[in-house]
Structure formats: C-alpha cells, structure tokens
Amino acid sequence: MEFILQLIDITLTTIKDVIPIAAIIFGFQLFVIRRPIPNLKRVLIGFAYVIFGLALFLLGLDKALFPIGRLMAEQLTNPDFISQWSDSVPGQLHWKDYYWVFLFAFLIGASTTIAEPSLIAVAIKANEVSGGAIGVWGLRIAVALGVAVGISLGTWRIVTGYPIHWFIISGYIVVVIQTIWAPKMIVPLAYDSGGVTTSTVTVPLVAALGLGLAETVPGRSALIDGFGLIAFASLFPMITVMGYAQITEWSAKRSSKKERETAEV
Amino acid sequence: MVGSLRDLAPIILVIGFFQVFVLQQSVPDLVGLIVGLLCVVAGLTFFIYGLEMGLFPIGESMANAFARKGSVFWLLLFAFCLGFGTTVAEPALIAVADEAAKVASVGGMIVDSDESRSSYANGLRFTVAFSVGLAIVLGVLRILKGWSIQYMIIAGYMMVVIMTMFAPREIIGIAYDSGGVTTSTITVPLVTALGVGLASSIEGRNPMIDGFGLIAFASLTPMIFVMAYGMVI
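Read top to bottom, the protein sequences are chains A and B.
Residues 1 to 265 (UniProt numbering) make up the first sequence, in order.
Residues 1 to 233 (UniProt numbering) make up the second sequence, in order.
The hints are simulated quantities; they were obtained by calculation from the structure and are not laboratory data.
Any given hint could be a false lead.
Listed below are the simulated SDA-like cross-link pairs for lysine to any residue, each with C-alpha atoms no more than 25 Å apart in a straight line [unchecked claim]:
hint, chain 1, residue 1, chain 2, residue 2
1, A, K184, B, S148
2, A, K184, B, L144
3, A, K257, A, I247
4, A, K41, B, K69
5, A, K184, B, I154
6, A, K16, B, F46
The task is simple: from the sequences and hints, build the whole structure.
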C-alpha cells in the first residue's frame, strides 16, 4: 500500500514537471501552427508512457539505488575505512590511500552513465541520423568512459585540493585542439554528449560522493569543494566521443589502405 | 525489457562488488533493493517505448511545421519558451540554487537570513532559465543560418575562462555545475528531435552536422550567466 502511494506521489510530481513542457508544445501547436498534430492519439499515449516510465524509474532509484549508493559513498570516504587499507600513519593520509574511492568513482560513473535515459535517447537519434555509422553502444560506451575518467579525476582533485579551474581550462584546451582534427560530423554530437550525461541517475550519486569527500578530507570545505564533480562529468565525454570518432576513422582508413594493398598484390 | 536489464547490469555489478569485497558487509534491505531494481528496469522500458512513440515524433513534426510556416519570429519564441519553461521548474536546478544561496550567505556575499537567501536562489533560478532559453534561440538561429558550431562554442569557453578570473571564488564550482544540471530527461529528447527535424527540413543543412549542438549551448550559457550573477550581486 505504501509502495502504491509512493508511486502515485512520484507520478504526480513527474506530471507537474511535464506540464510546462506540454503547455508550451500544445499552446504553440494550437495558436501558432494551427494544424492538428499528426497521430495525436499515438503521441498522447507516448507521453503517458514517458511519464509513467520516468516515475517508475525514479521510484526504483529512490528505493533501491540511491540509499545504497549514498551509504557506500559515505562509508568509502570515511577516514577509518581508508586507514584500514593503508599503511600510512592515521591522520596523515596520502592521496594514494584513497584508491578505493577513485576506483568506485570510476566504476559508478561509467555504470550510471550506461543507464542514463537521456543518453540512450540521444544515442538512438544519432544512430538514426548517421544511417548507422555511429553505433548506439559505441557512443554510450565512449560517453561512459568519459564520465568515469572525469569523476575519478574530480574526486582526486577534491582529495588533493588543486583549484578546479586549472582542470576545466586545460580540458577546454584539449577539446579545442581535438575539434580541429576530429571528423566534422562528430563535433556537434560530441559537444552535446557533454550535457546529456548528467541527469537523473548520475547527479545524486556523484553529488553524495563529492560532498562525502569534501566533508572528511581535512582542509576541504563541503560548500566550496563539494561542487564541481558534475562539471568534470560533462567535460570529459566531449574528449572521449571525439576520440572515439578519431579512432574509428583512423582504423577505417587503415583497413581500406590494407584492402587496396592486398588488391594490388 | 532485456535491453533495460542489460543497461542496469553494470550498476548492479559495481555495487555488488564493493559491498562484498571492499566494504565486506551484506546488503541491508535485499527485498527492497530487488523491488526497486525491477521498478527501474520496467520504468526504463516504458520510457524508451514512449520516447519513440511520443517525444521524438512531436519534436520533429513541430520542427517541420515551423520550417514550412517560415516564420522565424514564432520559431525563435517557441525555442525560448521551450528552454526557459523546461528549466525554471527543473528539480535539480532548484536544489543547486538553494545550495548556492547557502554558499553565498556563508561567504558573506548576501545577508544571512532566510529571506535574502530565497531571493538569491530565485534570482539564480531565473537567470539560469533565461540563459537556457537564450541558448536554444542561439542554437536554432545557428541551424537556420548554417553557422559552424566550433567557433561559437570555443568563443563561449573563452568567455567562461575569462569570467573565471574575475568571478568570486565561491561561485565558480556552482557555476560550472549549473551547466550540467539544466538538461533534464524530457528536455533532451525533445530538443534533440527539434534540432534534427529543423536541420532535415531546411535545404542545404545536414542533420548530423547542423542538427545536434542545441544541448551544448544549453549547458554552456548557464556557466557564463551564473558567474555574471555572482559578480553583479
């Protein structure tokens, strides 16, 4: 019974979030475009599925993944736990002693990105538009790798305390250099994939990890250092997606060169 | 269903591995966990099903209709409303804005009272929503004119870098994060379908090169505007 009440509650919240969007769409459709929506019934059913699906998804995350994820983030960043695995003098932890935190950041970043609904949507669209040249899984794995690297680097930054803008600015420089060399058609998609990675699944878990670390590492302030992980998670996918396209292009060139060579022989 | 299960398998493996081998404890509420996971799998399945039935088609059909109507004014107004309307009510943004107000009051930028905090948070929310609306307008204009995205994004980054030097230190982390939180699960498919639909219905535009990129703008402008907000207030 409690479960059903929660489901209704979350469905109502999701509907509330969707109302402005629906109002804008149907308002413009009615007053500006003034043409009936093609397949109106199908579209409405689709909207209902999206809302219901999202509500179930959020309920499941709230019930299962977030509590355990937050608990784990707390336990892993606890100084007692970290001293237990290291030989350093307690109270004087070196950044290397946080290796379980970095590994957790890497793996949780990658695995939550794979399950991110908005990334799935963009990957489906990109696959459709590119006529299959960009694989749904290729893109998703490239983005997941980017988020994983980004978040582990971000946690390392919190532990060591280096200023965030050094990392972000050097990341930008890499993005600019890659933009010059990457295949033209991947560039806009790569820029987009920075923004889509961080929504429903990743943000709450990652925020818990960042705040947990910033609270327990001596000399860090939760308010100033706890932020910034999401920025890392949106920067690195751009680099890995362009890298993915560069590698695909490079290997395609090499194999076609090989084919030509064998044909000549 | 099988697909959604496969999407979630990595999370389950990671959590299982850390529970058993690293933290060495049993999972607290196993039944709740399994029920929750089943909800997530079913929810993801419904979501993707509805995406291809409702969100993608409506985004594309509206893009087509606007392209045929040929009225740039209404298209840009629609773009602004979509960006502003979906962002201003975004729960993740509300949470970040509240956090930011806390930082500002601790840092002594505003008076430490509930009233000034909530007005600061609201101001921030509307700033971000406005900047996302502007971003979608800019992105749609780019598709119409066929400008190349690189120069615009790189110019945006330069602005971020320059503003970082002058913005108060407390706001920088939040500004960088606000770029990532603005794009919600329902906005992303709609905006993507809008961009791709526009690029496919305008002659001479390639949906792959011109259609994507709207979300990139929507995650860049909030950084600039939040830092500006921190500097002005």
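Structure-based check of all given hints:
{"no.": "1", "hint": "K184/A / S148/B", "in the structure": "holds (10 Å)"}
{"no.": "2", "hint": "K184/A / L144/B", "in the structure": "holds (18 Å)"}
{"no.": "3", "hint": "K257/A / I247/A", "in the structure": "holds (15 Å)"}
{"no.": "4", "hint": "K41/A / K69/B", "in the structure": "holds (24 Å)"}
{"no.": "5", "hint": "K184/A / I154/B", "in the structure": "holds (15 Å)"}
{"no.": "6", "hint": "K16/A / F46/B", "in the structure": "holds (19 Å)"}
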